[in-house]
Amino acid sequence: LAETWPIGVTWPTEYREHALQLMKYLLATRSRIDRAPGTAVPTDVVKMAIQGATTFVAKAQNVPDMTDIQDTLRTLRGDAEAAKEETSRRLEALKKEVRSTNTIAEKINALGEETKGAAKEAVGVGKVGVAIIREVKNAGIQNNKGTTASYAAAVASGTLASSIYNPQSTQSTSTQSQREIIVNIRDSVTIEHLRAINPRKLESHVDRAIEQSVNKQIKHIKVMSANQLKSGDLTIRAASIDETQTQEPW
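If you count the sequence shown from 1, position 191 lands on 191 in this note's numbering, and the numbers rise without skipping.
Keep in mind that the hints are not guaranteed to be accurate.
Claimed, not checked - Below, in silico cross-link-like pairs of lysine-lysine (DSBU-like), each with a Cα-Cα straight-line distance of 30 Å or less: (1) LYS96 - LYS107; (2) LYS201 - LYS230; (3) LYS116 - LYS201; (4) LYS95 - LYS84; (5) LYS59 - LYS84; (6) LYS120 - LYS201; (7) LYS120 - LYS230; (8) LYS116 - LYS230; (9) LYS120 - LYS222.
To be verified - Simulated restraints, written as ranges between beta carbons of each label pair: (10) THR72 - LEU94: 27 to 37 Å; (11) ALA110 - ARG237: 34 to 44 Å; (12) LYS116 - ALA80: 16 to 26 Å; (13) PRO64 - GLU92: 32 to 42 Å.
Note that these hints are calculated values from the structure, not bench results.
Values in this document were obtained by computation on a predicted structure and should not be read as measured data.
Every residue gets a Cβ at the ideal spot worked out from N, C-alpha and C, and that includes glycine.
Model the full structure from these sequences, guided by the hints.
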């Protein structure tokens, strides 16, 4: 059988496919030449090879420079890394801000709890003051009925100092100037609040209740000691301010 030459082809538009097709065509032509050395190559075959080669060169010239593409990709990669680092930095800053916000919220909550505790203590002080005022009033009523004057009534009338002061005996004066007041407390919340107070601080707690009172009668009372009974009532040993001042030189 006579050897045939490669037939004409249509070159693909895409340059990579064009290059593949041109390579196959040239290899087939060379193979034909190798099998029949000295045989003249037909003009059509030569023209087709030249056309394929020149068309491919023209297409290759329009292909973007891969170096530029690599540079662009390298730049994009650098920008992406920088954006990643910036995002990480902002995220860390946001985390710190959230932690700071949580710390502030915890401080606000703690302050709120302290405020609630102070408010409860203020209420307790107020209730103790009211109870002392009530005790003083009750003592005054009993005194008006002709019974023996209680300490609260004596303090309220301002006659306690002159009635018990004895410059001959400091021990006797101290004993007489201290009187006991029983403050009846029926509010369970106040009772529990007072029980929670350190016994050493209970005296200052009662003092504060007296200081905050607008009642002139109980402002003359000086607390010497204060204790809470099992019933919840307060037993207060106190003297009038006038008495304690009179006793100081002795």
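Hints, one by one, checked against the model:
{"no.": "1", "hint": "LYS96 - LYS107", "verdict": "16 Å, holds"}
{"no.": "2", "hint": "LYS201 - LYS230", "verdict": "18 Å, holds"}
{"no.": "3", "hint": "LYS116 - LYS201", "verdict": "19 Å, holds"}
{"no.": "4", "hint": "LYS95 - LYS84", "verdict": "16 Å, holds"}
{"no.": "5", "hint": "LYS59 - LYS84", "verdict": "39 Å, violated"}
{"no.": "6", "hint": "LYS120 - LYS201", "verdict": "16 Å, holds"}
{"no.": "7", "hint": "LYS120 - LYS230", "verdict": "21 Å, holds"}
{"no.": "8", "hint": "LYS116 - LYS230", "verdict": "26 Å, holds"}
{"no.": "9", "hint": "LYS120 - LYS222", "verdict": "24 Å, holds"}
{"no.": "10", "hint": "THR72 - LEU94: 27 to 37 Å", "verdict": "32 Å, holds"}
{"no.": "11", "hint": "ALA110 - ARG237: 34 to 44 Å", "verdict": "37 Å, holds"}
{"no.": "12", "hint": "LYS116 - ALA80: 16 to 26 Å", "verdict": "53 Å, violated"}
{"no.": "13", "hint": "PRO64 - GLU92: 32 to 42 Å", "verdict": "40 Å, holds"}
Checked against the numbered hints listed earlier, the structure breaks hints 5 and 12; every other hint is satisfied.
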